[in-house]
Amino acid sequence: MSVSWTDDRQKRGSPSSMDLLMYWLLTPGNYEMWESNRKKLPITEGIVKTMKAQGILHRSARCVYFKMHNLKRTYKSVKKWLEDKQQLELFFSGKAAKKVESAVFKRSPHFLDLSPVFENVGHTSTAAEGEEHEENVAEGANELNEEDGGSVEDTGGAQGKRKRQGGSGSRLSKRGKQQISPPSSTLKSAGYSDENVNGIFPL
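The opening position of the sequence shown corresponds to residue 1 in our numbering, with each subsequent residue numbered one higher.
No false leads were mixed into what you were given.
Result set (PhoX-like, lysine-lysine): computed pairs, CA atoms no more than 25 Å apart in a straight line: (1) K79 with K106; (2) K11 with K49; (3) K95 with K85; (4) K52 with K72; (5) K76 with K99; (6) K39 with K72; (7) K106 with K85; (8) K95 with K79; (9) K80 with K98; (10) K79 with K98; (11) K95 with K106; (12) K98 with K72; (13) K98 with K76; (14) K98 with K85; (15) K95 with K80; (16) K106 with K76; (17) K99 with K85; (18) K72 with K49; (19) K99 with K72; (20) K95 with K76; (21) K39 with K76; (22) K99 with K80; (23) K52 with K11; (24) K79 with K99; (25) K72 with K106; (26) K85 with K72; (27) K49 with K39; (28) K80 with K106; (29) K39 with K52.
For the record, the hints were derived by calculation from the structure and aren't laboratory data.
All chains, please: the whole structure from these sequences, using the hints.
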């Protein structure tokens, strides 16, 4: 049975798999490192090691790899949907209709947090780059399949179940599109103690 990425914290006040992955993504320089390295296995193994240190033992390097890929793929599909609806600027300014905001957060609950991460990598997407990205995905999948024997794990998870505090409009208007929240602040705002936040990622 697959285990939700948002509901697998080992004890009250400790982070879930998704919390830890978002913490890693929001740490400046980490995603740039991910994009610039064709070999993803050492990176995903480091993330898995941190999860194990928090008592989360059911995630493999392959599982983390595909979750990372799915987060970006979902983010880009939601962004394109907003662009097609001419709602992208309205969304980031907090002026989009409630049904638009609900649709975004239902499909990509971490869309706001991921925007500065995925948009600040420092390159422009092209058709050739897209093909190279797909090749890298296939290469990474093969590498990670070899690492764990091709076992199948949950790469989805009930992201949509995560409760959000406050009105979405206020969150949108207060956050700049290019601003990345400090990872420790992100976890503390979710209710984790200083003891659980400090030293989670000694990378």
